[in-house]
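With the sequences and hints as input, model every part of the structure.
From first to last, the protein sequence lines stand for chains L and A. Residue numbering for the first sequence is 16 to 96, as defined by my numbering. Residue numbering for the second sequence is 16 to 96, as defined by my numbering.
Each hint should be verified, as a subset may be incorrect.
Any copy will do: because identical chains look the same in the list, a pair fits if it lies in one copy or spans two.
Claimed, not checked - Capping the alpha-carbon separation at 20 Å, the derived lysine to aspartate or glutamate pairs in EDC-like fashion look like this:
id, residue 1, residue 2
1, K47, E26
2, K34, E53
3, K47, E64
4, K34, D92
5, K67, E55
By construction, these hints were calculated from the structure, which means they are not laboratory data. Model, not experiment: these values are computed from the prediction.
There are 2 protein chains.
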Amino acid sequence: PDWEILSVSGEEQLRRVFKFRNFAQALAFTNKVGELAEAENHHPAILLEYGKATISWWTHAIGGLHKNDFIMAARTDSAYH
Amino acid sequence: PDWEILSVSGEEQLRRVFKFRNFAQALAFTNKVGELAEAENHHPAILLEYGKATISWWTHAIGGLHKNDFIMAARTDSAYH
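Next up, the structure:
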């Protein structure tokens, strides 16, 4: 429910902001999501800031969203909890 | 020379794009910059993407750039080389 679908340069993306208490925790989450990404060879954009990581999933090859992006979004949620 | 100064929501920021061969290398660099940030308790925004990390330094408390941001930019360059 916390994922938004937005259009970036004409491509739909799934995006969610995850909140943390500090930079270190946001960086730790970035690494967790990085592991998921490497495992599937499918990579998000991650905007890492103090207390926050914004994750965006989309499939550049098809210029938008594929079922796999929704699966990765669900896995990202699991990594957060 | 590769850092740009841009205005984001009325605040000047130093920004540079660092290129890598893949996601894992960009993530490793993100962690290096994260260590620098934690050591100084001064935190950038990092946009991590496949093969690329975009680092932005600024000082929110003063709404723009402080000498320290330029020092952190130089340290970021050193971490890249």
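Against the structure, the hints come out as follows:
Within a single copy, K47 and E26 get their C-alpha atoms no closer than 25 Å, and across copies no closer than 31 Å, so neither meets the 20 Å cut-off. Proximity of K34 to E53 under the C-alpha cut-off of 20 Å is restricted to the inter-copy arrangement: shortest distance 18 Å between copies versus 23 Å within a copy. Taking the shortest Cα distances, K47 and E64 sit within 20 Å of each other both inside one copy (16 Å) and across copies (15 Å). In this assembly of identical chains, the alpha carbons of K34 and D92 lie at most 20 Å apart only when taken from the same copy (12 Å versus 28 Å across copies).
For the homomeric pair K67 and E55, the shortest alpha-carbon distance between copies (19 Å) is at most 20 Å, but the shortest distance inside one copy (24 Å) is not.
Checked against the numbered hints above, the structure violates only hint 1.
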